[in-house]
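> Listed below, chain by chain, are the residues.
Number of protein chains: 2
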Amino acid sequence: MYDIVKVSSTSHPAAVAGAIAGIMRESGNVEVRAIGAGAINQAMKALTIARKYLVQDDLDLSVVPNFETLDINGEERTALRLSVFKRPASILLGV
Amino acid sequence: MYDIVKVSSTSHPAAVAGAIAGIMRESGNVEVRAIGAGAINQAMKALTIARKYLVQDDLDLSVVPNFETLDINGEERTALRLSVFKRPASILLGV
Numbered sequence: 011m012y013d014i015v016k017v018s019s020t021s022h023p024a025a026v027a028g029a030i031a032g033i034m035r036e037s038g039n040v041e042v043r044a045i046g047a048g049a050i051n052q053a054m055k056a057l058t059i060a061r062k063y064l065v066q067d068d069l070d071l072s073v074v075p076n077f078e079t080l081d082i083n084g085e086e087r088t089a090l091r092l093s094v095f096k097r098p099a100s101i102l103l104g105v
Numbered sequence: 011m012y013d014i015v016k017v018s019s020t021s022h023p024a025a026v027a028g029a030i031a032g033i034m035r036e037s038g039n040v041e042v043r044a045i046g047a048g049a050i051n052q053a054m055k056a057l058t059i060a061r062k063y064l065v066q067d068d069l070d071l072s073v074v075p076n077f078e079t080l081d082i083n084g085e086e087r088t089a090l091r092l093s094v095f096k097r098p099a100s101i102l103l104g105v
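Those protein sequences? They're chains R and A, same order as listed. If you read the first sequence in our numbering, its first letter stands for residue 11, the second for the next number, and so on. If you read the second sequence in our numbering, its first letter stands for residue 11, the second for the next number, and so on.
No lab work stands behind these hints: they were computed from the structure. It is possible that some hints are incorrect.
Identical copies go unnamed one by one, so any copy, or any two together, can satisfy a pair.
As the list claims (entries may be wrong) - Cross-link-like lysine to any residue pairs, in silico, SDA-like; alpha carbons within 25 Å at most:
1. K62 / A24
2. K96 / N83
3. K16 / L69
4. K16 / Y63
5. K96 / I82
6. K62 / G84
7. K62 / L80
8. K96 / E86
9. K96 / E78
10. K96 / D81
11. K62 / S93
12. K96 / A24
13. K62 / N83
14. K96 / S18
15. K62 / E78
When you get a sec, could you build the whole thing from the sequences and use the hints?
If you want it as structure tokens, here you go:
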């Protein structure tokens, strides 16, 4: 069982980054969900900042995006689901 | 040497996805740049669609985000640079 980090357009990227980095340290995998351009922007900023937080733990992450159809108050919405994985240390020096 | 796929808020995600999939097939690596929430949204949609295009080639991708500082007409702008890599086939079944 895992939690989904839900990001909105008003989320603070640094705070979301802290949450993402914490879950990555603990379990090596996190799921992030964002609906709409503003939320997706904040989510991607947060993931970029989380990479910086994880450097001190010798960890890095990569992101695999998926569409996800949700029912929100009876309305169908398409979310972007970002599955975040540990990035192999062997390619850490690549970028 | 490689090209950077520049995505704007008015880019068509399916067309960008086609370009990304083509470069991935050829070289296994592509760089994508987006500035601003609208452009980042289109870029992430394009990358999600590109994953679907690549399934038929037994390829998958993952995304490593970075901030990039650009000088655009003398003004400093922060872009999101997305480095896109082949995702190891060994974890293709994971998501």
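> Could you run down the list of hints and mark each one as holding or not?
To see whether the hints hold, each was checked on the structure:
In the homo-oligomer, the alpha carbons of K62 and A24 lie at most 25 Å apart inside one protomer (11 Å), although the nearest pairing across protomers, at 31 Å, exceeds that limit. Taking the closest pair of Cα atoms, K96 and N83 never come within 25 Å of each other, the shortest separation being 34 Å inside a single copy and 38 Å across copies. Taking CA atoms no more than 25 Å apart as the test, K16 paired with L69 passes inside one copy only; the shortest distance there is 22 Å, against 28 Å between copies. Proximity of K16 and Y63 under a CA criterion of 25 Å is satisfied intra-copy only: 19 Å inside one chain copy versus 27 Å between copies.
With identical chains, the CA atoms of K96 and I82 are never at most 25 Å apart, being 31 Å at best within one copy and 34 Å at best between copies. Neither within a single protomer nor between protomers do K62 and G84 lie at most 25 Å apart by alpha-carbon distance, with minima of 39 Å and 28 Å respectively. Only between protomers do K62 and L80 lie at most 25 Å apart by alpha-carbon distance; the minimum there is 20 Å, versus 31 Å within a single protomer. Taking the closest pair of Cα atoms, K96 and E86 never come within 25 Å of each other, the shortest separation being 31 Å inside a single copy and 32 Å across copies.
For the homomeric pair K96 and E78, the shortest alpha-carbon distances inside one copy (22 Å) and between copies (22 Å) are both at most 25 Å. Taking the shortest alpha-carbon separations for K96 and D81, neither the intra-copy value of 30 Å nor the inter-copy value of 32 Å comes in at or below 25 Å. Both within a single protomer and between protomers do K62 and S93 lie at most 25 Å apart by alpha-carbon distance, with minima of 18 Å and 16 Å respectively. For the homomeric pair K96 and A24, the shortest alpha-carbon distance inside one copy (19 Å) is at most 25 Å, but the shortest distance between copies (28 Å) is not.
For the identical chains of this complex, K62 and N83 are neighbours neither inside a copy (37 Å) nor across copies (29 Å), given an alpha-carbon limit of 25 Å. When the C-alpha separation of K96 and S18 is checked against a cutoff of 25 Å, the pair qualifies only within one copy, where the shortest distance is 24 Å, while the shortest distance between copies is 29 Å. When the C-alpha separation of K62 and E78 is checked against a cutoff of 25 Å, the pair qualifies only between copies, where the shortest distance is 14 Å, while the shortest distance within a copy is 28 Å.
The earlier numbered hints that this structure contradicts are 2, 5, 6, 8, 10, 13.
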